[in-house]
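Enquirer: The chain contents come next:
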Amino acid sequence: MAERSSRLTLTPRFIVVLIVLAVVGFLAFNAVFLVDQTEESVVLTFGKYSRTEGPGLHFKIPFVEANYNVVTRIVQTMDFGFRPNNPGVFGLGDSDQKTSYKSESTMLTGDLNIVDITWIIQYRITDARQWLFNLDAKEKTIRDITQSVVNQLVGDRAILDILGTERLAIESKAVQKINALFRSYKIGVLVTNVQLKDIMPPSGSVKAAFEDVNVAFQDMNRLINEGQQTYNQEIPKAAGEAQQMIQVAEGYATERVNNALGEVARFKDVLAEYRRAPQVTRERLYIETMQHVLSDSKDTELIDKKLTNFLPFKNLGSGTVLDNPAPETKPAPTVDSKPESKGVQP
Amino acid sequence: MKTRAAGFLAAVVVIVLGLFFFSGPFYEVKEGQQAVITQFGSIVATDTQAGLKVKIPFIQDVTIYPHKIMSWDGDPQLIPTLENQFIWVDTTARWRITDLKRFYEAVKTLDRAYARLNDIIDPAVRQVISTNPLIEAVRSTDAINQSQHSSAVMDANGEEIKGLNDLISARTSYNTIKIGRNQINADILKAVKGNIERQFGITVIDVLIRQIRYSDQLTQSVYNRMISEREQIAAGYRSYGQGKKQEILGKMEREKKTILSAAYAKAQEIKGKADAKAAQIYAQAYSEDPSFFQFWRSMESYRQTLPQFPKTLSTNMDYFKYLYSPQGR
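Chains A and S, in that order, give the protein sequences.
Those letters in the first sequence? Residues 41 to 386, by the numbering used here.
Those letters in the second sequence? Residues 43 to 371, by the numbering used here.
No wet-lab data here; the hints were simulated from the structure.
Even for Gly, the Cβ is constructed at its ideal location relative to N, Cα and C.
Among the clues, some could well be false.
[To be verified] Once the Cα atoms are required to be at most 20 Å apart in a straight line, the calculated EDC-like pairs of lysine to aspartate or glutamate come out as:
1) A:Lys100 x S:Glu73
2) S:Lys298 x A:Glu274
3) A:Lys217 x S:Asp184
4) S:Lys72 x A:Asp167
5) A:Lys180 x S:Glu330
6) A:Lys180 x S:Asp117
7) S:Lys319 x A:Glu295
8) A:Lys308 x S:Glu330
9) S:Lys299 x A:Glu323
10) S:Lys353 x A:Glu295
11) S:Lys319 x A:Glu303
12) S:Lys293 x A:Glu266
13) S:Lys363 x A:Glu290
14) A:Lys178 x S:Asp153
15) S:Lys308 x A:Glu290
16) S:Lys315 x A:Glu303
17) S:Lys308 x A:Glu295
18) A:Lys247 x S:Glu73
19) S:Lys313 x A:Glu290
20) A:Lys213 x S:Asp117
[To be verified] Just a sample of chain S residues kept apart from chain A, beta carbon distances all over 12 Å, derived:
21) Lys143
22) Ile275
23) Ala307
24) Pro368
Isolated chain A (complex conformation) (with noise of 0.2 Å):
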């Protein structure tokens, strides 16, 4: 029986508290809500604002206030000149994995050259009720304010200053000019960061010309350190070389006056014998003299002026020997007879 009684309890009143609960269950449902860590809510009530809550658990009055969560917390970022392949996917967003827009990346500079650059910016909301009710278009505007700025700085610069030294400058004054756009539209958005990623001259043979520049400092530096070599090659051992010349002339000149010193003393000692007896050892050194010279050679020839016609006849001229004497109108050349001088040919 009461088994039966509880399944046949489809009274109008049990519908009725059913319909209730029903209706009381979808009010509360629809009477709190979650706000996350990240995030913060606008609540409205009747479309007007009433007030912004902070992570948590939170009531609203069904139907008549709504509320808007906005992520406030979470840095946010955006790429400019090139989008990853796989978005959302953080620090595998190189070179290889993205697709370039070449439309954003291609800009003028200062000096009226063409430059590539990519970019991205991170930014946070900073006051939900402004980023939700005072701009429309709000990924775009961000986007066009960012790189309007961007594109004149870098138009303000010379293109060799950007692709060297300026790259803070550009970040940090883009920073500061985005942020002062943002704040006097009271969007509710901070520009935290602009980071040049890229800057590159147009790819092809413009970027080949620059590269060639460093390959020819490259060079300028590997010539002057070639002429540097040689350089050090040569100059110490020249300076060797100019040692030993003079080493070698001092040897000479040592050698020459001590032969100079032999010799004197030499002569000196001789001279005081023939002092003694003059005649006799001018004779003997004469004589001794000539059987040196004399002694070595076997086909010395001598001649008499006298018999002529007994010796073979010499001609000292041609120097063979010649069969017909010669008339002796044509007397054969001979040496004269003082003792100093030899019979020599020319």
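Using the hints, position chain S against chain A.
Expert: For chain S alone, kept in the frame of chain A given last:
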């Protein structure tokens, strides 16, 4: 009977009330919105404050418009500058509806508002860009002329290479600008503003040049110029290096010659002094008996030289004095 009539009446009242509330005496204007209330087509009120409002059902209509900063994005336009260089100019603008009544009368829909903005902003951009030289739109200040640091070339020791810098950075002074991009933006805004506010109830907050690019044809010639500029600098580097090398080699040659010739001079001097000293020594000794010196020195000399010659001797020589007779000649 009576209860049935009462019940019927109650039902009618409920239906009428239901219809009344359904068709709405109430309407909501949210934050970021504004509303125009029209009665049989004519404007009776505008409402820019958010909240729950009341209107006469069936008779009054409410049209909601945004009360936010709106964004306008023009298509890039190919515009000749004053010096007749064709550039793509891409502009962006922010605007909002400030006079709802006029906006409703003159434009009514957002689509038409964008069309009007196109009609007014594009010609304004074209007009301002084409009456100014290119650099006015590109540059904002003359700061470019103050920073020359990165064009200065340092050698391996971090010292500036003087001659080379003169060579490669010949063209480092840029024309000064007269107005600059900020003023260009302001001029465009000025040309836009007067018209649009009075006619359409729209306030344009700003017009900004988003991007400037060369036309494709111009791009190619600019590329060529950039390449030739780089090539000129690269050639400068290489030729400077070559020159430096030759200079070092020349210096080397000079120093080498200096060192060797100085050594030669010194060597000759040393030898000369030694020769002089030897001569002095000989002269001093030999002058004690010149005739004996003559004889003795000759003997010494014969001893050295004569054995090398082939000889034909005459018996006339004193040496052979006793050859024919023991008494001598």
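Enquirer: Against this structure, judge whether each hint is valid.
Expert: Status of each hint after checking the structure:
no. : hint                : verdict
1   : A:Lys100 x S:Glu73  : holds, 17 Å
2   : S:Lys298 x A:Glu274 : holds, 8 Å
3   : A:Lys217 x S:Asp184 : holds, 18 Å
4   : S:Lys72 x A:Asp167  : holds, 18 Å
5   : A:Lys180 x S:Glu330 : violated, 121 Å
6   : A:Lys180 x S:Asp117 : holds, 14 Å
7   : S:Lys319 x A:Glu295 : holds, 12 Å
8   : A:Lys308 x S:Glu330 : holds, 9 Å
9   : S:Lys299 x A:Glu323 : violated, 56 Å
10  : S:Lys353 x A:Glu295 : violated, 34 Å
11  : S:Lys319 x A:Glu303 : holds, 14 Å
12  : S:Lys293 x A:Glu266 : holds, 14 Å
13  : S:Lys363 x A:Glu290 : violated, 49 Å
14  : A:Lys178 x S:Asp153 : holds, 18 Å
15  : S:Lys308 x A:Glu290 : holds, 10 Å
16  : S:Lys315 x A:Glu303 : holds, 18 Å
17  : S:Lys308 x A:Glu295 : holds, 17 Å
18  : A:Lys247 x S:Glu73  : violated, 52 Å
19  : S:Lys313 x A:Glu290 : holds, 7 Å
20  : A:Lys213 x S:Asp117 : violated, 27 Å
21  : Lys143              : holds, 21 Å
22  : Ile275              : violated, 5 Å
23  : Ala307              : violated, 10 Å
24  : Pro368              : holds, 16 Å
When the structure is compared with the earlier hints, violations turn up for hints 5, 9, 10, 13, 18, 20, 22 and 23 and for no others.
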